[in-house]
Amino acid sequence: MRLLTHNYLQSNVKGTEKGYPLTIEPTKIEYEESPIDMEFVENILTKIDYSALLSARNQIEDRCHSDLGSDFIVPSLPEVMPKRYSDGNSKDDKIEEDETNQEAFLKSIHTILFDIHVLEGHLVCPDTGRRFNIKMGIPNMILHEDEI
Amino acid sequence: MSRPESTGHASIFYNEKEAKKYDSSSRMIGVQKEITERAIELLRLPAVSEKPSFILDVGCGSGLSGKVLEEHGHIWVGCDISRDMLNVANERMENKRMDVQRRHADSSKDHQMETHSDDDDDDNASSDEDEEDESSNMRNSASTGDLLHHDMGTGLPFRPATFDACISISALQWLCYSNSKSQIPKKRLTRFFSSLYQVLRRGGRAVLQFYPETAEQAVLISECAAKVGFAGGVVVDYPNSAKAKKHYLVLTFDKAYKAPQGLSDSSLMGKSHQVRVDKGNGLRSKDAKRSVRKKNRGKTKDWILQKKQTQRNKGRDVRPDTSYTGRKRRDKF
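So the sequences go chain by chain: A and B.
For what it's worth, my numbering labels the leading residue of the first sequence as 1, then goes sequentially.
For what it's worth, my numbering labels the leading residue of the second sequence as 1001, then goes sequentially.
It is worth saying that the hints were derived from the structure and are not from the lab.
Values in this document were obtained by computation on a predicted structure and should not be read as measured data.
Hints may be right or wrong, so weigh each one.
Quick list of in silico lysine-lysine cross-link-like pairs, DSSO-like style, CA-CA up to 27 Å [stated by the list, open to error]: (1) K14/A <-> K1227/B; (2) K47/A <-> K1255/B; (3) K28/A <-> K1096/B; (4) K14/A <-> K1187/B; (5) K18/A <-> K1227/B; (6) K107/A <-> K1051/B; (7) K1017/B <-> K135/A; (8) K47/A <-> K1051/B; (9) K1187/B <-> K18/A; (10) K1051/B <-> K83/A; (11) K1096/B <-> K135/A; (12) K107/A <-> K1096/B.
Stretches of chain B that chain A covers, calculated by requiring three or more beta carbons in the stretch to come under 8 Å of a beta carbon on chain A [unchecked claim]: (13) 1070–1081; (14) 1084–1096.
All C-beta atoms in this analysis are idealised placements derived from N, C-alpha and C, irrespective of residue type, glycine included.
Please build the complete structure, drawing on both the sequences and the hints.
Shown next, in the form of structure tokens:
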């Protein structure tokens, strides 16, 4: 499960007020490098929930250190997304941002969204505490009879 | 045993053995690929070079349709109720990953050759080569898909306006069969469609190919979709062919949408005509050998002699060949 998918996952168990974002409790993580498409990452940025991404990143950080070795560093992300991405179409706006900073930011986003896979672990609903387990990279979101 | 849906729950029918069989049948792969391509065509997505889309694949099974989505350059999330099918999909993505890694390892040694072969592989007439290279990179990379183990009849576990589009290949009809007392088809269908309405972003579209057992089923499905607020219609391809007939439920938010005309292959009609009219010679392409042997539904002398020889070779007791062998008898009928 990529963090990109996690950013959209929500628990819709009956009676849940807000089953988003799900807390990740990873027990096994894998890293898979993939080629970066800068434009695509920029597009995606306008649609993801940044705060959820931040908390997800923090939740997987420890596991990354133990599973991927100490030389692997989970890229850090600023507390607030750079302004040019938080609005819808502000590409033409002020280009004061440093080009290299921008590129570094996009690269970090790409790594975190696409390249880190949670293979085993749990997703926990922040509202009800309901746990969904992840096996072989596939989260099990099947609801019980009484949760539909 | 005509329809898998009547044998039981999808996760029971698509067990490990069935899942492997499904994924290894070349005919199945071919058919599913065609259907997926047609569904993508009906989606009318913006060009991938402009903006790859985030697509939901409902009932993704062993990832056959996901693979086609990837080849088009999209990012997808698939969900299915059968763990075994998802495991097969995982395996396929694993293999692709390993292939890609091997390829990267080889090509990094010989960079020059790679740029040449890249140009050959991309036979798109695009003036901007750089863009083409980049998107082909995404395509050649490991899978851009993610899998979810989930029952679509209980709603979709995503936050609102997540996806640009949704496809479903040969899965929707499973909602029409109830596998336990608590499962009511109409309720499950409504639940599915109302959550689909929420997770699609406005302006998005869904194309769901399904196999209705009866006309009532097709109507039930369309009605449930309309009730939750979708506009759209059912596109039927090849309506006159029992085998090739395919139903695509196209759903949009745009009330002014008009469903396009389904495909109908007139040559398909022509061929079936031919087979019926010239029974004797029409099967030429299919069975050339047989038409040589057969002569006006009878058996030629050559064939008889050949047959007798093979029987002799087997060691059977055969009458000797004489001038009477295979002679034309008086027409008794």
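The hints, checked one at a time:
1. K14/A <-> K1227/B: holds (22 Å)
2. K47/A <-> K1255/B: holds (25 Å)
3. K28/A <-> K1096/B: Holds. K28/A to K1096/B sits at ~21 Å (cutoff 27 Å).
4. K14/A <-> K1187/B: holds (15 Å)
5. K18/A <-> K1227/B: holds (25 Å)
6. K107/A <-> K1051/B: holds (18 Å)
7. K1017/B <-> K135/A: holds (20 Å)
8. K47/A <-> K1051/B: holds (13 Å)
9. K1187/B <-> K18/A: holds (23 Å)
10. K1051/B <-> K83/A: holds (21 Å)
11. K1096/B <-> K135/A: holds (20 Å)
12. K107/A <-> K1096/B: Holds. K107/A to K1096/B sits at ~24 Å (cutoff 27 Å).
13. 1070–1081: holds (count 4)
14. 1084–1096: holds (count 3)
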